[in-house]
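Trainee: Here's the letter readout for the chains.
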Amino acid sequence: MPTENHSVENAGETILSVRNLSKTYGKITVLKNVSFDIKRGEVVALLGENGAGKSTLSSIIAGLVTPTDGSMQWQGAAYSPATPSDALNAGLGLIHQEMRLLPELSIAENIFVGRLPTRSGRVDNFEMYRRADEQLKRLGLNVSPATKVKYLRVAAQQQVEIAKALTLNARFLILDEPTAALGGEETDKLFEQIERLKNEGVSFIYISHRLEEIARIADRVIVMRDGELVANFDSAKVPVSNLVEAMVGRQLDRIFPHLPAPTHKPLIEVKNLSSAEGDFHDVSFTVSAGEVMGIAGIVGAGRTELVRAIAGADPVKSGSVTVDGKVLTLKSPADAMAAGIALVPEDRKLQGLVLDHTIGNNIALGNYPRITSRNWVTPTEIRNFATTAIKRFGIKGSADQRANELSGGNQQKIVIARAISAGPKVVILDEPTRGIDVGARSAIYDVIAELAKQGMAVIVVSSDLDEVLGLSHKVLVMARGRNQGILAGEDATRHAVMERATA
Amino acid sequence: MSEITEQAAPKSGVVSMSFVKKMSGPLVGLILLCVFFSLTSEFFLSARNGLNILDQVTVLGILAIGMTLVIVIGGIDLSVGSVLAFSMMMMGVMQRQMGLPLELAIIVGIATGALCGLVSGLLITVAKLPAFIATLAVMSVTRGLANILTEGKQIVGYPDWFTSLATVRQFGFLSMTVATFIVLAIIAAIILKYRPAGRNLFAIGGNPEVARLAGINVNLNTCIVYALSGALAGLAAVAFAARLDSSQPSAGLGYELDTIAAVVIGGASLSGGVGSIFGTVVGVFIIGVLRNGLNLLGVSPFIQQVLIGVVIAAAVTFDTLGRKRR
Numbered sequence: 001m002p003t004e005n006h007s008v009e010n011a012g013e014t015i016l017s018v019r020n021l022s023k024t025y026g027k028i029t030v031l032k033n034v035s036f037d038i039k040r041g042e043v044v045a046l047l048g049e050n051g052a053g054k055s056t057l058s059s060i061i062a063g064l065v066t067p068t069d070g071s072m073q074w075q076g077a078a079y080s081p082a083t084p085s086d087a088l089n090a091g092l093g094l095i096h097q098e099m100r101l102l103p104e105l106s107i108a109e110n111i112f113v114g115r116l117p118t119r120s121g122r123v124d125n126f127e128m129y130r131r132a133d134e135q136l137k138r139l140g141l142n143v144s145p146a147t148k149v150k151y152l153r154v155a156a157q158q159q160v161e162i163a164k165a166l167t168l169n170a171r172f173l174i175l176d177e178p179t180a181a182l183g184g185e186e187t188d189k190l191f192e193q194i195e196r197l198k199n200e201g202v203s204f205i206y207i208s209h210r211l212e213e214i215a216r217i218a219d220r221v222i223v224m225r226d227g228e229l230v231a232n233f234d235s236a237k238v239p240v241s242n243l244v245e246a247m248v249g250r251q252l253d254r255i256f257p258h259l260p261a262p263t264h265k266p267l268i269e270v271k272n273l274s275s276a277e278g279d280f281h282d283v284s285f286t287v288s289a290g291e292v293m294g295i296a297g298i299v300g301a302g303r304t305e306l307v308r309a310i311a312g313a314d315p316v317k318s319g320s321v322t323v324d325g326k327v328l329t330l331k332s333p334a335d336a337m338a339a340g341i342a343l344v345p346e347d348r349k350l351q352g353l354v355l356d357h358t359i360g361n362n363i364a365l366g367n368y369p370r371i372t373s374r375n376w377v378t379p380t381e382i383r384n385f386a387t388t389a390i391k392r393f394g395i396k397g398s399a400d401q402r403a404n405e406l407s408g409g410n411q412q413k414i415v416i417a418r419a420i421s422a423g424p425k426v427v428i429l430d431e432p433t434r435g436i437d438v439g440a441r442s443a444i445y446d447v448i449a450e451l452a453k454q455g456m457a458v459i460v461v462s463s464d465l466d467e468v469l470g471l472s473h474k475v476l477v478m479a480r481g482r483n484q485g486i487l488a489g490e491d492a493t494r495h496a497v498m499e500r501a502t503a
Numbered sequence: 001m002s003e004i005t006e007q008a009a010p011k012s013g014v015v016s017m018s019f020v021k022k023m024s025g026p027l028v029g030l031i032l033l034c035v036f037f038s039l040t041s042e043f044f045l046s047a048r049n050g051l052n053i054l055d056q057v058t059v060l061g062i063l064a065i066g067m068t069l070v071i072v073i074g075g076i077d078l079s080v081g082s083v084l085a086f087s088m089m090m091m092g093v094m095q096r097q098m099g100l101p102l103e104l105a106i107i108v109g110i111a112t113g114a115l116c117g118l119v120s121g122l123l124i125t126v127a128k129l130p131a132f133i134a135t136l137a138v139m140s141v142t143r144g145l146a147n148i149l150t151e152g153k154q155i156v157g158y159p160d161w162f163t164s165l166a167t168v169r170q171f172g173f174l175s176m177t178v179a180t181f182i183v184l185a186i187i188a189a190i191i192l193k194y195r196p197a198g199r200n201l202f203a204i205g206g207n208p209e210v211a212r213l214a215g216i217n218v219n220l221n222t223c224i225v226y227a228l229s230g231a232l233a234g235l236a237a238v239a240f241a242a243r244l245d246s247s248q249p250s251a252g253l254g255y256e257l258d259t260i261a262a263v264v265i266g267g268a269s270l271s272g273g274v275g276s277i278f279g280t281v282v283g284v285f286i287i288g289v290l291r292n293g294l295n296l297l298g299v300s301p302f303i304q305q306v307l308i309g310v311v312i313a314a315a316v317t318f319d320t321l322g323r324k325r326r
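As given, the protein sequences belong to chains A and B, one line each in that order. Per the numbering used here, the very first residue in the first sequence carries number 1; after that it's consecutive. Per the numbering used here, the very first residue in the second sequence carries number 1; after that it's consecutive.
Treat the hints with care, since some could be wrong.
Quick list of in silico lysine to any residue cross-link-like pairs, SDA-like style, CA-CA up to 25 Å [as the list claims (entries may be wrong)]:
id, chain 1, residue 1, chain 2, residue 2
1, A, Lys349, B, Glu209
2, A, Lys331, A, Gly423
3, A, Lys331, A, His264
4, A, Lys317, B, Ile186
5, A, Lys331, B, Asn217
6, A, Lys265, A, Glu277
7, A, Lys425, B, Glu209
Derived list of chain B stretches under chain A, where covered just means 3 residues or more per stretch with a C-beta under 8 Å from a C-beta of chain A [said to hold, decoys possible]:
id, stretch
8, 100–109
9, 214–222
For the chain A half of the interface with chain B, some residues (derived, Cβ under 7 Å), not all of them [unchecked claim]:
id, residue
10, Met72
11, Gln75
12, Gly76
13, Tyr79
14, Val149
15, Gly340
16, Pro345
17, Val354
18, Asp356
19, Leu365
20, Gly366
21, Trp376
22, Ser407
Since the hints were made in silico from the structure, they are not lab data. The C-beta atom is built at its ideal place from N, Cα and C for all residues, glycine as well.
Could you build all of it, start to finish, from the sequences and the hints given here?
Mentor: Take a look at the structure:
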């Protein structure tokens with residue numbers, strides 16, 4: 001926006017500089033001598049696998065963690081925030097991947113929580129709504145500030161977080177995986193907003209696992225590995241393969257495993273299925289033994305609702321699901337499992353795992369009939385059963401370890417291990433690689449290909465276009481709750497999928 | 001108390017070790033309490049007093065078994081004290097006023113408890129009420145019904161064989177009611193640990209959506225658990241009536257809180273997914289020993305209340321801190 005002159009004159013000036021930051025926990029070093037500068041109005045992408053030190057670095061800048069060593073300068077002055085509010089007051093905000101909003105309060109209350117504007121001792125609602133509205137308009141968000149946050153979609157909730165930081169006059173925002181839960185259209189909108197704020201002189205650190213986005217939004221790229229800054233690209237127009245190489249420290253093409261041709265034996269047939277809650281209508285498809293079908297579409301297209309209904313988790317209004325020639329009556333997930341349908345749900349932390357329980361208990365859950373033929377099970381039997389699955393799926397952990405001690409990729413493998421241990425005919429994976437780092441993703445891909453090779457019918461829902469295309473024999477595209485077509489072979493291109501997804 | 005320690009102690013290797021380690025907090029507390037009272041009261045450390053304590057904790061213990069299941073699935077049951085009173089009055093009315101044989105009346109009493117628990121379960125799963133509200137409602141209704149049955153009067157005059165269940169020590173050792181408590185505790189401990197149905201309860205408490213997606217019928221299990229809690233309240237009513245030689249509509253007032261305290265002292269988490277019968281039994285004994293010891297020392301009941309509150313806070317604090325460190 002060329003009209004915004006006041007910020008342009010300061011563009012190019014260094015706003016934040018970080019020198020030799022280190023952080024150790026006991027003997028473990030999570031951050032080693034990290035130094036970099038960020039200029040006013042600049043978007044710097046911060047890349048790295050899970051555990052590379054990205055979160056520690058952002059937490060230090062946002063005042064959540066104090067560094068063991070090193071220093072920072074913010075707008076030319078020494079900066080060492082002791083608490084998040086120090087950072088916020090100085091104008092630096094961190095937008096978490098997982099929202100930290102209060103669902104029962106309004107947008108305005110969420111924005112001003114802890115510092116509600118008052119007049120003669122009472123909350124000044126008028127002023128609060130006015131100022132909230134101002135920020136929402138600035139972000140191009142067309143909702144009333146009186147709306148309760150729980151009624152907002154994830155994308156809008158995220159914008160409330162951004163608006164909250166902006167009311168604090170934030171000049172610098174760290175966005176931690178902001179697009180992880182967003183569809184294509186919502187991502188575009190977010191990028192527009194970033195662009196707009198950038199022109200106002202706001203700087204960003206942008207953390208993402210979606211490397212394809214980087215070139216679109218970032219000015220520069222810094223890459224971390226094992227707690228160190230390992231690469232600094234002056235332009236974001238770097239081939240994705242170079243970025244990945246810097247992240248993993250070795251050449252790693254995003255190679256999808258080879259899939260043998262599927263059989264022509266239909267395992268699951270879905271006919272004219274419609275949701276009881278109106279989330280999807282009249283969807284039909286067939287997946288054969290050994291076949292992988294991807295489901296693509298933007299967030300809110302009804303993909304998750306569709307697969308949840310097939311897995312018995314949500315009610316259907318009409319239509320039928322047939323597995324191996326048998327028409328099913330799906331009243332509960334237990335019914336679907338009995339018929340041979342296994343679901344690896346969208347949110348592994350909320351729907352996939354009992355995080356406080358051991359890996360062994362998580363894998364054993366729902367699998368007791370496979371562990372023992374008696375109605376009686378010993379801890380040793382559970383451990384042995386889990387250990388077999390842990391080996392089979394290459395999970396880095398032991399049966400007695402708690403699930404929340406593992407990385408996202410390994411947690412996902414636990415959920416897959418549980419689902420597969422039930423010996424299903426049809427496996428549905430909903431966003432199997434969301435929030436999982438690049439190295440661990442290919443391991444998940446291998447697992448998925450292996451399931452197909454063993455003769456299961458596999459359905460993969462994913463917001464990652466390359467993943468859906470690379471991993472599947474055919475792709476069902478959904479938009480507004482309807483099947484927009486099933487693409488296979490040469491017809492299945494990014495362009496064709498996007499066209500239908502946005503239809 | 002050796003039989004208590006044995007009942008839940010698992011026999012297999014590593015798990016039993018970590019299990020004992022996990023339990024050591026409350027157990028150490030209980031031992032310290034016993035040591036303290038042994039040193040300060042000449043009457044405390046005797047076989048007779050030990051059996052007395054067992055008699056005294058039986059009702060609380062039976063209620064706490066049900067409460068453990070409820071808390072493990074992430075619920076709470078505020079109705080157990082009132083359901084106990086209602087079951088007790090039903091049993092009395094059936095036998096004294098309807099002329100039913102006492103054996104049948106006992107079954108009616110237990111069934112009454114189970115039915116009340118089932119109502120709580122249905123309110124939670126079908127009407128989608130929070131467990132706190134559902135059982136609060138049932139608590140109020142059943143206390144009212146208990147009083148309505150006899151217009152608040154007690155029922156006295158049970159046959160001798162019935163009162164002897166609580167008073168006569170078989171083989172000079174255990175009364176029938178105490179034996180019932182011990183057997184139930186052992187069965188519940190085994191179910192929770194070694195039966196898939198019991199282990200599923202931990203998953204439900206840990207995360208009900210995960211449990212449902214893993215093929216567990218969460219609503220059915222919830223109803224069963226509350227019905228069991230109610231049935232155990234009914235059984236506790238029978239034991240209590242035998243001990244009191246009467247049925248009283250005011251019986252069990254405030255017992256729900258003692259019961260919840262015992263379960264929580266025993267290491268269960270009110271957010272669900274964590275808990276054990278062994279821990280609960282230790283919790284029950286901590287409360288029982290504390291009451292018994294303070295009585296022997298002649299401490300006033302008012303001061304006892306204060307001390308019990310302090311012990312609850314201390315026990316749970318240590319447990320929480322220990323959990324964090326783990």
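Trainee: What hints, given by number in increasing order, does this structure fail?
Mentor: 3, 4, 6, 8, 10, 11, 12, 13, 14, 15 and 22
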